[in-house]
Amino acid sequence: MLPLHLVSGWLTVSLLQAAAPAPPQEEKHPRGLIVSEPGATPGFTLFAPLRSGTTYLIDAKGEVAHSWKSEYPPLAFYLQDDGTLLRTSRIEENPTFFGGGLGGRIQRLAKDGSVLWEYVLSDEKHSLHHDIEPLPNGNLLCIAWELLTRDEAIALGRDPATTPEKGFWPDWVFELQPTPPTGGKIVWEWHAKDHLIQDFFPTVPGYGSVPDHPERIDINADEPEAAAPSAADREEEEKRKAEMRALGYAGDDEDEDDAKEDAKPAEPPKSGDWLHMNSVDYNPALDLILLSTPDLCEIWVIDHSTTTAEAKGSTGGRWKKGGDLLYRWGNPANWDAGTDADRQLFYQHQPEWIPEGLPGAGHVLVFNNGKERPGKEYSSVDELVLPFDATKGFTRAAGAAFGPAKPVWSYSDPEHFFSFFISGCQRLVNGNTFICSGKQGRFFEITPQGKILWEYWNPYGGELVMGMGKAAPPPPPPPPGAPAAPPGGPVEPTSCFRATHIALDHPGLKALGVVP
Numbered sequence: 167m168l169p170l171h172l173v174s175g176w177l178t179v180s181l182l183q184a185a186a187p188a189p190p191q192e193e194k195h196p197r198g199l200i201v202s203e204p205g206a207t208p209g210f211t212l213f214a215p216l217r218s219g220t221t222y223l224i225d226a227k228g229e230v231a232h233s234w235k236s237e238y239p240p241l242a243f244y245l246q247d248d249g250t251l252l253r254t255s256r257i258e259e260n261p262t263f264f265g266g267g268l269g270g271r272i273q274r275l276a277k278d279g280s281v282l283w284e285y286v287l288s289d290e291k292h293s294l295h296h297d298i299e300p301l302p303n304g305n306l307l308c309i310a311w312e313l314l315t316r317d318e319a320i321a322l323g324r325d326p327a328t329t330p331e332k333g334f335w336p337d338w339v340f341e342l343q344p345t346p347p348t349g350g351k352i353v354w355e356w357h358a359k360d361h362l363i364q365d366f367f368p369t370v371p372g373y374g375s376v377p378d379h380p381e382r383i384d385i386n387a388d389e390p391e392a393a394a395p396s397a398a399d400r401e402e403e404e405k406r407k408a409e410m411r412a413l414g415y416a417g418d419d420e421d422e423d424d425a426k427e428d429a430k431p432a433e434p435p436k437s438g439d440w441l442h443m444n445s446v447d448y449n450p451a452l453d454l455i456l457l458s459t460p461d462l463c464e465i466w467v468i469d470h471s472t473t474t475a476e477a478k479g480s481t482g483g484r485w486k487k488g489g490d491l492l493y494r495w496g497n498p499a500n501w502d503a504g505t506d507a508d509r510q511l512f513y514q515h516q517p518e519w520i521p522e523g524l525p526g527a528g529h530v531l532v533f534n535n536g537k538e539r540p541g542k543e544y545s546s547v548d549e550l551v552l553p554f555d556a557t558k559g560f561t562r563a564a565g566a567a568f569g570p571a572k573p574v575w576s577y578s579d580p581e582h583f584f585s586f587f588i589s590g591c592q593r594l595v596n597g598n599t600f601i602c603s604g605k606q607g608r609f610f611e612i613t614p615q616g617k618i619l620w621e622y623w624n625p626y627g628g629e630l631v632m633g634m635g636k637a638a639p640p641p642p643p644p645p646p647g648a649p650a651a652p653p654g655g656p657v658e659p660t661s662c663f664r665a666t667h668i669a670l671d672h673p674g675l676k677a678l679g680v681v682p
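One gets our numbering by counting positions in the sequence shown from 1 and adding 166 to each.
Honestly, the hints are just simulated from the structure, not real lab data.
A couple of the hints might just be wrong.
Stated by the list, open to error - Between beta-carbon pairs, the in silico distance windows are: (1) 289 with 507: 34 to 44 Å; (2) 343 with 558: 24 to 34 Å; (3) 540 with 389: 12 to 22 Å; (4) 348 with 629: 24 to 34 Å; (5) 524 with 561: 19 to 29 Å; (6) 371 with 679: 53 to 63 Å; (7) 679 with 484: 35 to 45 Å.
No residue lacks a Cβ here, since even glycine has one placed at the ideal position from N, Cα and C.
Model the full structure from these sequences, guided by the hints.
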């Protein structure tokens, strides 16, 4: 069994500084069931390789109990009580939107894979992406991009230097009422573009003090701040230049070239994907929606009890704040309530409320990918106790960022556990935690103390050729002497957006006939 590193509480700065800077090396493992120990939670695992049209349901022995075939590459999926499968997938031919998490289609599949219902939103102005969330009333919460032209984004206060020529894509969350066999009715919606603030253009609406309005989203929050080089960095650079001059490889004009390079304006991003929301979850007891924006390294909570009209503004709903953010956590630098050193989320995925009846109910569990984590890149699974009061809502000290100061529980293994993208996690009925390390297609169950009781490495997938959500033909052969790039970019044949543990008492298993 692989060695473990469990952190109860948060990782200390000294441990991070002591770690080596290189990320864990990819390890070659046999595929299939690797570990099965006494105490592992009975049940099944549902997953869909990103480069496959098949969704698999395997039992605790790693054997396929059921599968659904589709012609489309997958994203999120949910087993329903009647044994049908809700499944999102990509439409690659979109004229505007592209990149990781590209969606466009939702289907409900029967046991035999036939399509019972389909909803498509993929055109030059809008596209579904990443995740959906089934609601108790049978509707779905959906995430979509909506296109703003470059001029429209600038009119909202976006810095022109970082606004793509082809437009800007703020996120849109809506509740969809399915109308089988095709289509659906949008019965509620929330738009990120309605809740912005900026301190860039004094004459543009929405101008104000960013730290005084944590309920609003700084439209320029993703702009990188150029850090001044340290004295040691400057000394090292001067030493390098002197050595190059001594060797005859550089002259005094190199300083002029460097100055010209530094003076070049920053190139705007090629993609307008600003927030890249990759997850949506719902708390039925509180009627709240939990969102994840990995590009800003934050999780947000908004009020679902509003009307659509109230969700556009800052009043109404149970908490009287309309569609403004009720809570945000992970990167307080986004609203000037901290610095980069205060960031605790690093390109996170699948934050979810732990459901009632499970250990830690009401807490939030999140897969913290660890991309650009200071000192050493590695992933962790973090459990958060949100500062929520049943009468006051989310609370914080005046002038401070929202808590918690640190997770109440965290798991990591810096030498062997790192997926810089995709992935997810889930609390189980016995208090154990199920984890999907998506890049490797590795699924495993750990105890609160970090012991691995069950581990499976996905052996399926690879029949579709694609990169980060964009279908593409095989790349041309590399030049002579150059190393060959792996097909599909970071998406390996066995990579999975997420995986889900299905408890034995789930009604869908009985409907499928895989349990008595």
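Hint by hint, work out which the structure violates, then give me just those numbers in ascending order. Structure breaks no hint.
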